Amino acid sequence: MLKMQGMRNRRLLAIVLAGSVATAVCAMELLGVAAPATAQQVVTLKFMRPGRFDVVERVFKPIVSAFEKENPSIKVEFVDMGWDEYFRRLPIMLGSGTAPDVMLNQQGGIYQYGAENQFLALDKYLDAELRKQLSPGLLEASTVNGRVVAIPSSVGAYVLWYRTDLFEKAGLNPERPPQTWQDLLQYAETIKAKTSVPGLGMHGKAGVDLADTYAYFYHSAVGRPLWDAKLNQIDLRAPGAVEALRFMKKLVDSPGAQPHVDQYDRPALRSLLRDGRIGMMFDGPWILNVIKEQVQGPKPVIRAGQVPAGPAGRHSITVVDAWAIPARTKHPDEAWKLLRYLVRSENQAAHDTGYGSIPPQEAEARMAEFQAPHFKELVSALRHGWSSRVNTPRYGEVNDRLPENVQRVLIGRATPEQALQDLAKQMNWK
Amino acid sequence: MTAAAWTQERRRAVRLGRWSPLVYLAPTLLLVALIYVVPIIDNVRFSFAKVTLLRGIVAWTGFDNYVQLASPDVLAALGRTLVWLGVSLPFALVLGTALALLLDNPIPGRGILRTLIILPWVFPEAIFAVMWRLTLHPLLGLVNNALLGVGLIEHTINFLSVDSALYTVIGIRIWRSTPFVVLSVLAGLQSIPEELMQAAHVDGASAWQRIWHIKLPLLKPVVWATAVILSAWTLVIFDLIFILTEGGPDRATELLSILIYKSAFIRQDLGMASAASMILVAIVGVFGYFYVRSANDEAAR
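If you read the sequences in order, they're chains A and W.
Under my numbering, read the first sequence as residues 1 to 430, first letter to last.
Under my numbering, read the second sequence as residues 1 to 301, first letter to last.
Hints were generated in silico from the structure; no laboratory data involved.
Please note that the accuracy of each hint is not assured.
[What the hints assert, rightly or not] Taking lysine to aspartate or glutamate and the DMTMM-like style, the derived pairs with C-alpha atoms no more than 20 Å apart in a straight line are:
id	chain 1	residue 1	chain 2	residue 2
1	A	Lys425	W	Asp73
2	A	Lys292	A	Asp165
3	W	Lys50	A	Glu397
4	A	Lys249	W	Asp163
5	A	Lys132	A	Glu362
6	A	Lys425	W	Asp64
7	A	Lys292	A	Asp54
8	A	Lys194	A	Glu175
9	W	Lys50	A	Glu116
10	A	Lys124	A	Asp333
These figures come from a predicted structure and were not determined experimentally.
Take these sequences, add in the hints, and give me the full structure.
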């Protein structure tokens with residue numbers, strides 16, 4: 001009995017102790033609310049630039065540190081996320097309100113989630129000076145349903161990168177890269193015949209890169225952008241849609257291309273070009289991180305030229321990634337302050353040189369860093385390029401099914417006509 | 001305290017005693033419920049709805065997602081998954097058992113051989129997959145360069161082409177899962193009484209007869225349990241395939257696990273992904289049932 005009594009007493013003591021602790025905690029909270037704030041409230045913003053974190057830190061830490069010095073009431077936390085993870089997690093982060101306050105978004109995501117009002121409309125923040133600075137057409141790429149939802153920052157366009165040493169060995173003039181599709185085929189075969197090195201690197205791995213490459217051939221065969229705003233789909237029945245695919249297949253099958261295209265994506269080809277294992281490849285400015293040394297000097301080993309013209313003219317693709325603020329951010333004004341700081345000319349220039357992208361602002365394009373010949377070609381490509389973006393909420397699905405069907409043609413599993421018919425059926429398009 | 005009060009106290013203590021195992025297990029059960037049961041319930045809910053990553057459940061669709069499972073894409077993925085299992089499992093079992101039987105003998109270099117055989121099991125799946133992707137690369141990979149170097153081939157081989165990719169990844173899976181069979185069978189071999197083997201030897205049984213008539217029958221429960229566990233693991237493999245081929249080229253390696261991923265995260269059709277994953281749950285559940293049954297039978301014996 002005494003043992004039972006002892007147990008009851010211990011239980012009672014435990015309850016009283018727990019109750020006292022709970023009361024003390026609540027009292028502390030109440031005191032905290034009741035007491036006046038004595039220190040300035042510091043706002044913490046989350047910042048994300050998808051990609052390799054070592055590069056993010058190298059490029060943005062100095063910029064962010066300077067921003068924090070100018071704005072002592074704002075602290076910035078970096079969020080580390082690779083591009084693969086970004087694509088998977090973005091809808092979840094936006095849907096749950098946990099997206100970083102300032103983040104760079106891929107162009108498809110800007111449309112897809114901008115159309116769902118997941119990004120803050122920036123019209124009221126956008127100052128006239130910045131509006132004037134941005135190259136024409138770029139702000140349009142970040143406008144969805146009449147609202148500016150992002151500020152362009154990481155801009156690319158396709159050019160043809162080529163090795164001058166292989167050109168010379170093959171008896172081709174490095175000052176005159178291929179001007180037409182027929183030139184392209186002929187140059188590729190000549191390089192292979194004279195040097196044993198595949199003249200053209202073609203990538204055939206299914207993915208967004210392959211969709212972009214098809215977009216270039218489509219633009220240059222059809223004579224208009226990939227996405228037809230009136231039809232609200234890719235116009236697969238346009239004369240030229242099939243021709244574009246047919247020519248891609250011709251390139252891949254030619255002796256001039258490297259074999260086993262389905263094993264290569266665009267990043268894999270970059271090292272081949274750098275190492276002289278292919279003569280030419282299509283890519284944007286993103287290759288610059290890999291070929292930094294090869295493009296330098298008075299006689300660079302690798303140069304850039306405009307993409308060859310197709311039956312409907314010369315029309316590259318443009319890719320516009322942009323900074324956006326999620327609509328559910330708790331600190332819109334502070335987030336805009338950070339975003340605006342990131343796109344100051346000198347900071348945008350650091351971003352562009354750090355990552356290899358085309359300067360989106362006209363003043364920036366005049367800076368010394370961007371006067372190299374390859375930058376001039378890239379800026380010029382922006383002018384005749386069209387966006388490869390598909391303006392649909394089914395952006396993810398399009399960029400899965402389109403490259404899959406393009407790949408089927410390249411590896412001989414479908415004819416161009418069949419592949420486009422299958423794509424139309426899969427997407428319920430005309 | 002009166003006798004009646006004492007009896008009441010004792011009864012109460014006995015009742016509390018009955019509940020106390022549950023109390024101690026409660027934290028673990030809660031964790032299991034949160035990690036396993038709740039997601040499965042959610043998955044079942046999603047399989048009857050249109051669900052997006054952005055908005056969650058948008059509308060209830062009844063059995064529409066399950067009807068879509070009869071589409072050619074899903075059936076093809078299911079077929080490939082069954083081929084993946086049906087080829088990799090028997091090979092891994094036979095090879096693993098043979099290696100275990102070999103390693104059970106005092107052969108020279110047995111220690112090093114054991115280490116080498118276990119090595120594929122040690123690496124995380126993702127690193128393993130990246131390693132093989134580089135090794136098999138047609139231009140830069142070790143295999144092609146070695147074969148070209150010794151003159152066995154004149155042109156590079158694309159091991160992950162549309163015609164060969166599925167069998168290449170099956171081969172890699174066999175290489176990866178054989179060590180598990182080796183370890184399991186080796187453990188089973190330790191439980192075979194030495195006297196049995198000696199008696200058989202004295203009776204004139206050859207080494208092969210001892211293996212065939214004594215070791216293998218006694219290893220049957222171990223091999224069966226290993227087969228069931230390996231089947232369940234093999235069915236849900238994702239990272240190896242995704243890193244090697246992403247389900248391509250032209251869906252040649254698109255197993256159910258890859259299809260589920262693409263439906264959920266690329267096409268953002270979580271309802272369809274949930275319905276497809278229920279097939280996997282059902283198949284793995286069947287294997288699980290057989291495993292539990294064999295474990296119970298073994299315990300009863």
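inquiry  = Going through the numbered hints above, which ones does this structure break? Give me the numbers in ascending order.
reply    = The structure breaks none of the hints.
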